[in-house]
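J.: So the chains spell out like this:
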Amino acid sequence: MIFFLLLLVLVVIAQIAEFFIPVLPWLYDAHVYIVPVIVFYGAMALPFPLMLALALCAGLLLDALTVQVIGGKVEISAGSSILLYGVLAGLMHGLRPLFARGHWEVHCILSGVGTSLIVLTQYLMIAFRRGSPIFTREVWWQIGGPGLIAMALAPIVFLFLQWMARMTGYSYVLERGRFE
Amino acid sequence: MSRANVIALLIFGAILGYFLSFGPESTRKFKAGVYQLLAPFLSRGSGLQKQITSVRTGLKSLEQMERENANLQVENRALRATNQALRDVEHEVNRMRHALNYRERSVFKLIAAEVITRDSSTWWRTVTINRGKRDGVEPDTPVVTDEGLIGKTTSVSDSISVVLLISDENCKLAASVEGSREQGIVSGERVTAGLNPSLDLNFLSKQADLKPGKKVYTSGMGGVFPSGLLIGAVKSFRIRELDGQAQLTPAVDLSHLEDVFVVTGRK
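So the protein sequences, as listed, match chains A and B. Going by numbering that gives the first Met the number 0, the first sequence opens with residue 0, and the numbers climb by one from there. Going by numbering that gives the first Met the number 0, the second sequence opens with residue 0, and the numbers climb by one from there.
A portion of the hints provided could be inaccurate.
[To be verified] When the alpha-carbon atoms are kept at most 27 Å apart in a straight line, the in silico BS3-like pairs for lysine-lysine are as follows:
| no. | chain 1 | residue 1 | chain 2 | residue 2 |
| --- | --- | --- | --- | --- |
| 1 | B | K213 | B | K234 |
| 2 | A | K72 | B | K28 |
| 3 | B | K234 | B | K171 |
| 4 | B | K171 | B | K213 |
| 5 | B | K171 | A | K72 |
| 6 | B | K108 | B | K132 |
| 7 | A | K72 | B | K213 |
| 8 | B | K171 | B | K205 |
| 9 | B | K171 | B | K214 |
[To be verified] Covered stretches of chain B (chain A as the covering partner; in silico rule of three or more C-beta atoms under 8 Å from a C-beta of chain A):
| no. | region |
| --- | --- |
| 10 | 3-9 |
| 11 | 123-132 |
| 12 | 165-176 |
| 13 | 235-247 |
Note that these hints are calculated values from the structure, not bench results. By construction, the Cβ of each residue, glycine as well, lies at the ideal position given by its N, Cα and C atoms.
Can you make the complete structure from the sequences, with help from the hints?
T.: What follows is the structure in structure tokens.
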């Protein structure tokens, strides 16, 4: 439980930090997203109910901080990010056995893919609402760039969270027997 | 699936359904509430970011000094550091004086505000300012600098507001071109690579033939933006199938926003 609460606090801190991390001009102004990596780690390390709770909080924050109400219209309805995080975290949760056996590489790659999927889904939602999905090189880089960055960040974030899990006495490895 | 998992899934579904049912007003309130909760952290983060930037600038000048003079003395270094700090103060004073002058000169009633964060999402161009309902800011209020228009407020909480920049595709405003009868709608581009994007002025007549450098102002139609606010200058003009379109360079450098003003009415 302590570890779950720590993850929650980290999600909030990371979400605030994202405001102050500049975009990467050499990657077509791609944003750096840390929250999805933390949520995806939580999806593998936490039991199902807590994983859902983490996805719920991260989705709520993302919705509250990004969704715009313009001229009395909501472009992406509140709750859509919760659903997105829920589904992606659920998929990652299904790969727990692999994670428990110490195969992190798949999850690092999937963290990147998941991050890009979140950005892509947001883009598709606004593009269809605005009436014209345009896919230029900039769009693809702004979708793929955050995923690549998340992929690169994932091992560091995972190692840090693993260390935190050890410090708080939390171990998903206790459940290892169930997967083997 | 265990019973606990099923219950968790049901609760998750119920909460999700609750949020999905939100209308625009509930979403705006929810957004304002969360921003209000995070306001102290965002303001503090902004201060911290400025300090870090200042330290980084200081380090850079130290490196340059080392290159220029390997035998730099400690006393000299201290003096330069003090000088740097004073320059920061001078810059701050100049900025404030400039802002104050503009507020006094302006024909609008203005509330001074400071930009505390830039957009954290890929698809919306926004900034957050440190003024909210408590200071008299309302949603859909124009925000300007002494150089021109930068956008309008969307979500407003007690002490913090989100400003949608004119470079966002969704921030549409009626505009007129100086020295002509041409009127059109200005909007940003959905995706831009580069910190200072162009704006599009659409629905011009095909005969408009606007020359680069012509200034574009808000026309006052639509109700949100008063007339006479400078938006930008014409960069190029092209004729499309049904209308003419001009590309504009924003009057304000949207990548370096520090002090802004919320327009609350005319004096």
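J.: Within a Cα-Cα threshold of 27 Å, do K171/B and K72/A meet the stated pairing?
T.: With Cα atoms ~14 Å apart, K171/B and K72/A stay inside 27 Å; holds.
J.: For a C-alpha distance cap of 27 Å, please report whether K72/A and K28/B respect it.
T.: 13 Å, holds
J.: CA of K171/B to CA of K205/B, is that 27 Å or under?
T.: 21 Å, holds
J.: Would the pair K171/B and K214/B pass a check requiring their Cα atoms to be no farther apart than 27 Å?
T.: 17 Å, holds
J.: Within 27 Å, alpha carbon to alpha carbon, are K108/B and K132/B?
T.: Cα-Cα ~16 Å, so holds.
J.: Take the C-alpha atoms of K213/B and K234/B, compute the straight-line distance between them, and say whether it is at most 27 Å.
T.: Holds, because 8 Å separates the two Cα atoms, which is no more than 27 Å.
J.: Under a C-beta cut-off of less than 8 Å, do 3 or more residues of the region 3-9 of chain B approach chain A closely enough to confirm the stated coverage?
T.: With 5 residues closer than 8 Å to chain A, the region 3-9 of chain B meets the three-residue bar; holds.
J.: So is the region 165-176 of chain B in contact with chain A by the C-beta rule, three or more residues under 8 Å, or is the coverage claim wrong?
T.: Held - the region 165-176 of chain B has 3 residues with a Cβ nearer than 8 Å to chain A, which meets the minimum of three.
J.: Okay, the region 235-247 of chain B and chain A, do three or more residues pass the C-beta test at under 8 Å?
T.: Result for this restraint: violated, n = 0.
J.: If you count the residues of the region 123-132 of chain B with a beta-carbon closer than 8 Å to a beta-carbon of chain A, do you get 3 or more?
T.: holds (count 3)
J.: Would the pair K234/B and K171/B pass a check requiring their Cα atoms to be no farther apart than 27 Å?
T.: With a Cα-Cα distance of about 19 Å, the restraint between K234/B and K171/B holds, given a limit of 27 Å.
J.: Please verify whether K171/B and K213/B have alpha carbons no more than 27 Å apart.
T.: 20 Å, holds
Checked against the numbered hints above, the structure breaks hints 7, 13 and satisfies the rest.
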